[in-house]
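So the chains spell out like this:
2 protein chains.
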Amino acid sequence: MKIVVDAMGGDFAPQNVVAGAVDAVKQYKVCVTLVGIKERIEEELKKYQFPKDLIEIVHAPEVVAMDDAATVVIRQKKQSSISIGMALLKKEGYDAFVSAGNTGACVAASTFILGMIKGVDRPGIGCIFPSLKKFTFVIDVGANTAAKPEHILQYAKMAKVYAQSVLNRPNPTIGLLNIGEEECKGTGLEQEAHKLLEEKEPCFVGNLEANEVFAGKTDCIVCDGYVGNITLKVAEGMMESVGKLLKREIMKNPIAILGAVLLKSSLSDAKKSVDYSEYGGAPLLGVDGLVLISHGRSSPKAIKNAIRAAKEQVEHNVLKKIKEEMATNG
Amino acid sequence: MKIVVDAMGGDFAPQNVVAGAVDAVKQYKVCVTLVGIKERIEEELKKYQFPKDLIEIVHAPEVVAMDDAATVVIRQKKQSSISIGMALLKKEGYDAFVSAGNTGACVAASTFILGMIKGVDRPGIGCIFPSLKKFTFVIDVGANTAAKPEHILQYAKMAKVYAQSVLNRPNPTIGLLNIGEEECKGTGLEQEAHKLLEEKEPCFVGNLEANEVFAGKTDCIVCDGYVGNITLKVAEGMMESVGKLLKREIMKNPIAILGAVLLKSSLSDAKKSVDYSEYGGAPLLGVDGLVLISHGRSSPKAIKNAIRAAKEQVEHNVLKKIKEEMATNG
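Quick mapping for you: the protein sequence lines, in order, are chains A and D.
Under my numbering, think of the first position of the first sequence as -8, with each following residue one higher.
Under my numbering, think of the first position of the second sequence as -8, with each following residue one higher.
Check before you lean on any hint, since a few could be wrong.
Restricting the straight-line Cα-Cα distance to at most 30 Å, the calculated cross-link-like pairs of lysine-lysine (DSSO-like) are [as the list claims (entries may be wrong)]:
#1 K176/A <-> K208/A
#2 K208/A <-> K238/D
#3 K235/A <-> K125/D
#4 K125/A <-> K125/D
#5 K243/A <-> K81/D
#6 K191/A <-> K82/A
#7 K255/D <-> K235/A
Quick look at which bits of chain A chain D covers, simulated, 3 or more residues with Cβ under 8 Å [said to hold, decoys possible]:
#8 121 to 135
#9 164 to 174
#10 188 to 202
#11 213 to 220
#12 224 to 237
It should be emphasised that the hints constitute simulated quantities derived from the structure, not laboratory data.
Glycine is no exception: its CB is placed at the ideal position from the N, C-alpha and C atoms.
Make a model of the complete structure from these sequences and hints.
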């Protein structure tokens, strides 16, 4: 198995990416192909001991910046790590692509270079949200900010396969993110999507209000990419702010500091269960290849876990299963 | 000053509403007019000692259920506490209306009975979000789920006046909630709203990503009601789940329990700064009257604080100031 990794993607590339890749090859015995500026990757690799046969480098002279327009990767930077990595994935012998780089560029490049699966019109980014009952798979969190009802239905079908094969939920339930439980709620998009889901997807159980996302009421949640992205970012920002606020309050009071020390292991267990880096990358579903997008601020651990997630998806044959589902349900 | 309060609104009405109203008249010396089923209100009032001249009852035989359609209040339940309360507000001598009842019905009744302010097309619900730097005023969190760019501009102008006169921010900054900082981000709505805001509202400082909502980067945030509602509910649900998760982790470990005891005052200070009930009701801006909507699960304290917030808005002359702003900026 060979996982292609965008060595230049993310706010701390190539350092964090290379460090995570080294950890991954040691821990999971997968082959990793690092794509990016060769000299810079080699320089980073020098810092570590690792089985040399498990890491190869493919040179890509260009770098897509985090704030480049999504289409730059197709129109201008054809020699970027994203473009070259994606082209590698299309070849025989490469199984998945992982990037912590520019999300829009990854979506554009994978749509353009890999193409769409038959039966899917638009790709969707899936994301695992922590919840009180294990976790919930939410799609789309930002690939498609102008979803149509049929796209939402396609997300539901792909989410179902993902939950079954990767998350080990044989009979997953699917909810539609909305501002109320009643089917008349939401904008025209949600109302039509609700109708379509009810008609065509047996796993659909109805609308789910946003305050229930973290309660784990359903295994999967489908939504438009704009709303999904807002949901993801609100959760992220809130977690960060609550952490800072708590720290600020605690530091005011010596007894509280002692309390925090005693609480430390519980706090870190709780933090772990809401920490994105524990879950690895977010799968981009709908394109004809296994693509995982990691957080731009990915730590080495997050990269390692994204590679682990990619490995699991290859082993579970997710792509083939999604293709089968979409072919029978076209 | 007379504040009209919907005694039948909310999941715990009339108990919590009456209890909160009693506390409010004692603490703030305002007159409260409780609207609802007379016998039930009297029964609750019997439980308390309070200055009798500060509470009056106006009978309303019908009750709008929390899950009634929004328009029920206009078409069928014309004798409900919401309809009758809103009609009272239109009369001389009544200054504000507070309800923890059906939000959609409150919006519909206030639009229909009070009418819109000149220069405003759609009402918006404003909500005070806790943030690391005091708090942020977000509008709209759910009145108008099909906002147009000009509605967003109107929200910005009203938010500015609200921040200046109620929140004591003489030069408030306004951000547009979006999925990226660049002006090209978001759907057509956000792109056009961005252009309009830049052109017509000097307090506008640009897009704000959802993960920055709680960082307090701007004094006000404007958005479509659908997205605003999702944002509010995600934050609410997350707070609740994080609390439960933390409790669960702590209970596993006796040392952590001791830690939590020592931390208690810091935790409750932190909780207080993110607790909606501390901030009182959410103002419904754009209608020709002061209307505050409280959370359906409002505690007596939340009701009391909503009445306090109503009192402050009357004292600050918010309605008049918003009318002036909208008239000059039509």
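Evaluation of the provided hints:
Using a Cα cut-off of 30 Å, the hinted pair K176/A and K208/A holds, with the two alpha carbons roughly 19 Å apart. The straight-line distance between the Cα atoms of K208/A and K238/D is roughly 19 Å, inside the 30 Å bound, and the hint therefore holds. The straight-line distance between the Cα atoms of K235/A and K125/D is roughly 13 Å, inside the 30 Å bound, and the hint therefore holds. Simply put, K125/A and K125/D have alpha-carbon atoms about 33 Å apart, too far for the 30 Å limit, and the pair is violated.
At most 30 Å may separate the alpha-carbon atoms for a hinted pair to count; K243/A and K81/D exceed this at roughly 48 Å. Pair hint K191/A plus K82/A does not hold up; C-alpha atoms about 35 Å apart against a cutoff of 30 Å. For the hint linking K255/D to K235/A, the alpha-carbon distance of about 17 Å falls within 30 Å, and the restraint holds. Given as covered by chain D, the segment 121 to 135 of chain A passes the check, having 3 residues with a CB less than 8 Å from a CB of that chain where 3 are the minimum.
With a cut-off of 8 Å between beta carbons, the segment 164 to 174 of chain A has 3 residues touching chain D; three or more are needed, and the interface restraint holds. For the segment 188 to 202 of chain A, the stated coverage by chain D holds: 3 residues have a C-beta nearer than 8 Å to a C-beta of that chain, and at least 3 were required. For the segment 213 to 220 of chain A, the proposed coverage by chain D is satisfied: 3 residues have a C-beta within less than 8 Å of a C-beta in that chain, meeting the threshold of three. Counting residues of the segment 224 to 237 of chain A whose CB lies closer than 8 Å to any CB of chain D gives 13, so the stated coverage by that chain holds, three being the minimum.
Hints 4, 5 and 6, counting from the list given before, are not met by this structure.
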